[in-house]
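Q: Spelled out, the chains give:
There are 2 protein chains.
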Amino acid sequence: MEIISNIKEIQTRCLNARAVGQIIAFVPTMGFLHEGHLSLLREGRKRGDLLVLSIFVNPTQFGQGEDLDAYPRDFERDERLARECGVDLIFYPDAESIYPPGYATYVSVEGPLTTSLEGACRPTHFRGVTTVVTKLLTIVMPHVALFGRKDFQQLAVIRRMTKDLNLPGEIVGLPIVREDDGLAMSSRNVYLSDDGRNDSLALVETLRQAAEMAQDGELASEKILSSARQRLNAGGTLSIDYVKLCNAHTLEEVATIDHNTVMLLAVKVGKTRLIDNGPLLG
Amino acid sequence: MEIISNIKEIQTRCLNARAVGQIIAFVPTMGFLHEGHLSLLREGRKRGDLLVLSIFVNPTQFGQGEDLDAYPRDFERDERLARECGVDLIFYPDAESIYPPGYATYVSVEGPLTTSLEGACRPTHFRGVTTVVTKLLTIVMPHVALFGRKDFQQLAVIRRMTKDLNLPGEIVGLPIVREDDGLAMSSRNVYLSDDGRNDSLALVETLRQAAEMAQDGELASEKILSSARQRLNAGGTLSIDYVKLCNAHTLEEVATIDHNTVMLLAVKVGKTRLIDNGPLLG
Chain A
140 MEIISNIKEI
150 QTRCLNARAV
160 GQIIAFVPTM
170 GFLHEGHLSL
180 LREGRKRGDL
190 LVLSIFVNPT
200 QFGQGEDLDA
210 YPRDFERDER
220 LARECGVDLI
230 FYPDAESIYP
240 PGYATYVSVE
250 GPLTTSLEGA
260 CRPTHFRGVT
270 TVVTKLLTIV
280 MPHVALFGRK
290 DFQQLAVIRR
300 MTKDLNLPGE
310 IVGLPIVRED
320 DGLAMSSRNV
330 YLSDDGRNDS
340 LALVETLRQA
350 AEMAQDGELA
360 SEKILSSARQ
370 RLNAGGTLSI
380 DYVKLCNAHT
390 LEEVATIDHN
400 TVMLLAVKVG
410 KTRLIDNGPL
420 LG
Chain B
140 MEIISNIKEI
150 QTRCLNARAV
160 GQIIAFVPTM
170 GFLHEGHLSL
180 LREGRKRGDL
190 LVLSIFVNPT
200 QFGQGEDLDA
210 YPRDFERDER
220 LARECGVDLI
230 FYPDAESIYP
240 PGYATYVSVE
250 GPLTTSLEGA
260 CRPTHFRGVT
270 TVVTKLLTIV
280 MPHVALFGRK
290 DFQQLAVIRR
300 MTKDLNLPGE
310 IVGLPIVRED
320 DGLAMSSRNV
330 YLSDDGRNDS
340 LALVETLRQA
350 AEMAQDGELA
360 SEKILSSARQ
370 RLNAGGTLSI
380 DYVKLCNAHT
390 LEEVATIDHN
400 TVMLLAVKVG
410 KTRLIDNGPL
420 LG
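In the order they appear, the protein sequences are chains A and B.
Those letters in the first sequence? Residues 140 to 421, per the numbering used here, in order.
Those letters in the second sequence? Residues 140 to 421, per the numbering used here, in order.
There may be inaccurate statements among the hints.
Identical copies carry no separate label here, and so any pair may be met within one copy or between two of them.
When the alpha-carbon atoms are kept at most 20 Å apart in a straight line, the in silico SDA-like pairs for lysine to any residue are as follows [what the hints assert, rightly or not]: (1) K407 - D206; (2) K407 - S255; (3) K302 - D213; (4) K147 - K302.
Keep in mind the hints are simulated off the structure, nothing from the lab.
I would like the entire structure built from these sequences, with the hints used as guidance.
A: Okay, here's the thing in structure tokens:
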């Protein structure tokens, strides 16, 4: 396994690999790898001849007052885990080389896909995501790039962007990986206190409850959402950013649920912001 | 020579050519080819194994009330000229395939590079240019893309964008090609009446006069600009959009000229908008 920080070097390596017929699989991350990331790497290992992992805590997707500086980092551990998953190249650039002096170019997906849900809470977030992912994809030029479905809206935005910009390569979304008790894996889970960790189970329980209601025949969004809000508020310790029922492709809210409906949640547990999602009839 | 309208088809052709070691040279145009375009194609023919020409009148770079519908088109003539220049592939997409229903992604270069000069007169112009050029570059993935220096600011913006987005491949700018009497070649020259054609010579004469002043030792921008405005206004038939002296790299205005200074002009001759530029001490 090699660790490459220089953009030109990794780009040349990847273009050369492509030129000799290798299939490139790519997993872009912000590091502090957990089982969710590892599931992407294992799938990438199956699909690609050259497996590339990027680790870059991207400043442009953090808003003012968000946790950019506090974001957890442990490169040595990431390196070990990457090696165990069979990663060939770790791309590990610094912010100065990704955004050098005079940097001025931004990629935006416009409209409800980026202004709703996370976009409403974090207005510059997706512009940062689409800009850095475009750059990473033009640097690595993978045949397949793998993303987790925990960031459900991000995956939808990236699909839109890669299609719109005609970036070659397939975007693959893989299922959420959860702790034994159901909490979705997230690098941010380390922020949680013991009480917070316990309170955070309300997210997955809310998703389970909503799926049960739907499977029992309740198709009215407002009824399901009302129960969801009750469940999230029951402990009195969570603060809801949003809880919505949306079409899985357009992310537009739906009044009546169907097989394409997903529930999306964002809550604050203390100072820690957690998101989760799940299908209702899937 | 082949003509390909389908995006996937040309992308596959170009990726395959790259995979077998061919150098791809690319000339993106809006068609209605003139000697300026042909100079790009001839240079591209020298530099590339596969020479790709795109012809696409890009709606997103035209503002409201601009000449999108009237923009001159003559595909048969373009096809003949392309063949004479040794073009291998013409990429000739329609607007619906470049911007399909649901299209939502835009590439913007922010700051003075796009808000000054053409950007001040045509506020959405460069966003349209950078979006379509990003798409064309990700579709064709050329080793070298060739642009004319007549669109001087466009070239600077595209250089910024390709660098910022880490698009592989070199951006080459080639000199303005002029008619015998000095008028810069432009597809829009066909709009000019006989009188307008004559009046339009004021642009190149203004550039020549400014270069003479500079070579005679006048380095104060305001003096050179004042003479330039006088020359442009002398006939009473031109309307000045701008006349500026700028640093050739940043396009920031300069108070005192040097070897990096370029004069940039935009005027209306009747309803026809013409631009031109030239170095002062180059």
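Q: Give a verdict on every hint.
A: Hint by hint, here is what the structure shows:
1. Taking the shortest Cα distances, K407 and D206 sit within 20 Å of each other inside one copy (13 Å), while across copies they are farther apart (52 Å).
2. Taking the shortest alpha-carbon separations for K407 and S255, only the intra-copy value of 18 Å comes in at or below 20 Å, while the best inter-copy value is 43 Å.
3. Proximity of K302 to D213 under the C-alpha cut-off of 20 Å is found in neither arrangement, the shortest distances being 33 Å within a copy and 30 Å between copies.
4. Taking identical chains as interchangeable, the C-alpha atoms of K147 and K302 lie at most 20 Å apart only when they sit on different chains, with a minimum of 11 Å there against 25 Å within one chain.
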